[in-house]
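Chemist: Start from the sequences, fold in the hints, and give me the full structure.
Residue numbers (numbering that gives the first Met the number 0), protein chains in the order written: chain A, 0 to 273; chain B, 0 to 342.
Hints are supplied without guarantee of correctness; some may be wrong.
Result set (SDA-like, lysine to any residue): computed pairs, CA atoms no more than 20 angstroms apart in a straight line [what the hints assert, rightly or not]:
1) 27/A <-> 248/A
2) 44/A <-> 12/B
3) 84/A <-> 228/B
4) 12/B <-> 70/A
Which stretches of chain B does chain A cover? Using the computed rule of at least three CB atoms under 8 angstroms from a CB of chain A, they are [what the hints assert, rightly or not]:
5) 39-48
6) 274-282
No wet-lab data here; the hints were simulated from the structure. Glycine is no exception: its CB is placed at the ideal position from the N, C-alpha and C atoms.
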Amino acid sequence: MLKISNLTMGYEGKRILKDISFDVEKNKITTLIGPNGCGKSTILKALSRAKKPQNGKIFLDSKNILRIDEKKLAKIMSILPQSPKAPDDFSARDLVGYGRYPHMNWLGRLTKKDYDIIDWAIKETKIESLQHRMVSTMSGGERQRAWIAMALAQQPRILLLDEPTTYLDISHQFEVLELVSRLNRDMNITVVMVLHDLNQAARYSDKIIVIKDEKIYKEGKPEEIINKKLLEEVFSIKVKIFEDEENNCPYFIPMKSKESSDAFKLNKPFEKCS
Amino acid sequence: MSTVESLEALKKKHSYKITVIIIFAVTAVAAFLISSSIGAFKISLEDVLRAIFVEKEGLNRNIIWKIRVPRTLVAGAVGICLSLSGGILQGVMRNPLASPNIIGVSSGAGLAATITLVLFPTYEYLLTPAAFIGAFCTTLVIYFISWKDGINPFRMVLSGIAISSFIGAIINTILIFFPDRVQNTLGFTVGSLAARTWIHFNLVWPYALVGFILTMIMSRRLNILMLGDEIARSLGLNIERTRMILILCASLLAASAVSVVGMLGFVGLIIPHITRLIIGSDYRYLFPASAFLGAAIMMLCDTVARTIVEPIELPVGIIMAAVGAPFFLYLLRGGFKKHVKNK
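Modeler: Quick look at the structure:
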């Protein structure tokens, strides 16, 4: 569905990604993971055209996304950045209404069909009882659902999510990821997301792509990625791996970080700092 | 919750906002009549109406039709232009302190207008286009200076103030060397409506009208821009083009105002804020509401300016500043923080 080929990106002379190529499969959940600053969010920025690649191309159904009309692309692909902000007095329903923008003509009148789709998106994300509340007064989890509802109102085939669970407590993280996974399963929406929590990535992804040192370190199914060697090499942590039989995916608990174990061996942590 | 119910709630909100807009429109009409009736020579409202619609000559007709009506209409049009311009800039720059005079748009227009007055004193119709070019260039300069991965509100206000005072220095120098070319120098630098007639109204209304229509067409897109660049792009909005068109509108509106009343401050800052407090930040309602409120406030302020220390007439800019400066300080202390924390 999406094909990323030889992507090279950077900021102000500093290169972040070099020659990255991968495919996003249709109706699957693909998750990008990697250490802080490895450029996983930058890949999403390239996919959403927020940042031009220095080199390389991105194809949507074998069409270069830079050549697709903005509104047409917005009907196919929707992007939720990290913690988006709306004016204080926009209600959740207002927000979802804006999701219809790419489908409108230039007069911008909402039709009966638009209202039906807005209601549907609100129902799917279970924010019916909150829809007239101001987004600014909602809790983090509710707000994230409202934004996802807006993205749904675009009726996209692809949903890009940049760390959708950041700043949420554990129950809301779970709620948001369950929602994403349901949208993928029931509506066949292809999902590409960046996640920090590797156990969550393992549980909710069909495919994980690990980015490190400007490159794709490894890609594959969760059970091919979540192992002792990779976690030590990429994230510098020693872990114990278990099997979650209920959800049929691997999970791990960190034992200790590589650096702290070195420091303990030295037994003089302060000296090391100076 | 059913569809019908949610549609009901939506319409309720809509009807409240429409009511506010109508109230503001009525206020503007009332302000127009009051302003026409009050002055050195008091004329009753009934006589004002008769002078406008019935009489063809006579003393009342002369005072009302030749002096007060055009002046009041200029005041109204300028109020509309500056309020809309301020509203647009506050949205595009995502900065509550943006307004044509604070970020230097007015001074850019003022400089171009002054130069035009000095070089081509007889071609009054050149004023507005020249002011427009001046305003647009200044806005672009400020926009690019304060741009670094998005507009930084503090950098923008500071660079705007710096550019404003720089341009202000040039304007003042020109005014010192050619005092006779620019009539009523003081009036020009603070903004004055003294002796404005039909000529001036004809100079400003076509630009104001075009600016107003464009602004209304762009209001939904500005709403989307308020959701942040990334969301706006995800929704299929061409961000760069939208911003550019909106900045053009703001410059056009500010320029047409500056070319007839000079560098009037604070209207463009306060009116959009007050309106936003009453009607919310949805620009589809905010623009028409602040246009009417801006017209009403300008006409009333000018009435005060004309009459408060009769027979001396104060420039309207002084009244506006007396009201506006405290409000600006209030925004700096409390309101500004509230807006910026959203960034």
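Chemist: Work down the list of hints and note, for each, if the structure agrees.
Modeler: Right, here's what the structure says about each hint:
1. 27/A <-> 248/A: 16 angstroms, holds
2. 44/A <-> 12/B: Violated - the C-alpha atoms of residue 12/B and residue 44/A are around 36 angstroms apart, more than 20 angstroms.
3. 84/A <-> 228/B: OK: residue 84/A and residue 228/B at ~10 angstroms, within 20 angstroms.
4. 12/B <-> 70/A: Given pair residue 12/B, residue 70/A is violated - Cα atoms ~29 angstroms apart, limit 20 angstroms.
5. 39-48: violated (count 0)
6. 274-282: Per the Cβ count (3), the hint holds.
Going through the hint list in order, the structure does not satisfy hints 2, 4 and 5.
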